[in-house]
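Enquirer: From just these sequences and the hints, can you work out the full model?
Residues per chain, in single letters:
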Amino acid sequence: MVPAPIFPKGPAMNPQIVRLVLGRLGVALVTLLIVSFVVFAATQMLPGDVVEILLGQAATPEAVAALREAMHLNDPALLQYGRWLIGLAQGDLGMSYANNLPVAGMIGGRLANTLMLAAVTAAVAVPVALFLGITTAMHRGSVYDRIVTTGIVAVISVPEFMIATLAVLVFAVWLKWLPALSFANDVTSLAEMLRVFAMPVITLCCVISAQMIRMTRAAVIDALTMPYVEMALLKGASRRRMVMRHALPNAIGPIVNAVALSLSYLLGGVIIVETIFNYPGIAKLMVDAVATRDLPLIQTCAMIFCLGYLTLITLADIIAILSNPKLRK
Amino acid sequence: MHTKAFWPTPRRLGYHMNWVGMIAALVVCFWALVAVIGPMLSPYPPGEIVDFDYYGPISAKLWMGSDYLGRDIFSRVLMGARYTVGISLAAVCLACISGVVLGMTAAVVGGWLDTGLSRFLDALNSIPSKLFGLVMVAAIGSSIPVLIVLLGVIYTPGAYRFARALAVNINTMDFVTVARARGERTGYLVTREILPNITGPVLADLGLRFVFIVLLLSGLSFLGLGVQPPNADWGSLVRENIGGLPFGAPAVLMPSLAIASLTISVNLLIDNLPVKIRDRSE
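Going line by line, the protein sequences match chains X and F. Once you know that position 187 of the first sequence is 187 in my numbering, the rest is easy, because the numbers rise by one and skip nothing. The number in my numbering is simply the position in the second sequence, starting from 1, with 329 added.
Be careful, since some hints might not be right.
Said to hold, decoys possible - Looking from chain X toward chain F, a few residues come up when the C-beta cut is under 7 Å (computed):
(1) 162
(2) 267
(3) 268
(4) 290
(5) 293
(6) 298
(7) 309
None of these hints come from the bench; they were simulated from the model. Ideal Cβ positions, reconstructed from N, Cα and C, are used throughout, including at glycine.
Expert: Encoded structure:
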């Protein structure tokens, strides 16, 4: 019998994998379309006349009618939706109701801030979570494992703002290491930047690493139950070698999948964290836009968030497909 | 058993429960009770200013300190239980009932109804829940009935997916085939054949979803988009007193602890549900 090669032969990929990946991308596109429709319908179709909000005191019937006409609000809903979607695809995000500035300009810098926060969080959380996930799986049932898993249940079942408030209490109020609830916009030195980023990053790391540790631990434990790992044990491999050489390479797929999925929890966390720490990011912008009912801004922010979320989920699925050894020829 | 006072403890009914589950159940029952009779227990009216000092410390007079206006936090937490537990419970029932009914129907009927419904609800599921809440509150504003329906709708796809997966398994069983061969209608199949066989897992799922809803409701209220003043749930209490955080005021900590105690207990209760003593398989 010829043993099956580990990697697909040559540059040509398995057509089944290509089909599955393309199918997944297609589903993601359709989902994005449905999501955009829901976002549009929710913000545009529901009660509360935009024009009257815009005109405020000056809302005479004539002015309302004229502005409705100018904003194409009398067109059929589907036409409006199509126009909005095409504008979105072309980068025309509309004008903010609150201050009549183009939405694209308002979002630009803020998006960079949020992405920066997310990147720093991921850079800190992923290695820590992987380390904890793998070591707890190695020492399953030990005191260390039980402490970590109990901590995870606690973190998962409390709201994000509670983790943020606890972080402030510990690091700012009791230890006095960091400033409490202020965000300095003019960051001059590296030390200052670290101080500013520390608290939001600590909070977000707690939120996302809890899920990541749990899923990584489950993936490694799953791999550890395989017969070939038992074989390695019977041959006298050390526990460390058994995990690192035998179990881990086969758990990489599920682990990367878990990392991508956990990063999607950043979204929920970032909304709370930016609000509580007054961080000038896109989530704070959106929460403020909700308070002023600034619909174009809300629509755009919502679409950016959904796009980010869908990208991560789709990425997780594609990694799961690519890493499935049953699909290798 | 012929004891004088027959008190139906779990053990007498043939169930075993470990102590973690016992404590968790006690905490959950405590908050359920507070949600019903809480205002009767409160030492002061929740809206009344009783202390000239704001963000006051814990004292014999004010068990949990005072808030940013000098109101008694203990009374306000008791009152807030009604909103947090009540809204979440109503929303979770709405989500699970609609999710389970749709899920079972989709599994039994199959075909295009199943495909279409699954696709649509999966798409809804891929909008992050907090974001969905934000967008909808921006569009329709926030009141308690709106919040209940909104939270219910947000968590319906999850309940649907869970119930459908269970129902698909039951649907292939012989007794369902027999019932179908007898010529029973969809309504009968769903209520008499499928539902009794998925009740247990569905109830556990209801508990988990309750936790998610409490967290989302608190999060929305914390952002100022949930329960509106003068009413306040636990999330709103944290929000209004967040100014006391730099001084470590108990007014911020206590409502957070209330949320944590409820959600952690529900989670632990689900993980340690009573098991039938005769059933040693698990």
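Enquirer: Hint by hint, where does the structure go against what was stated? Just the numbers, ascending.
Expert: Hint check: nothing fails, all pass.
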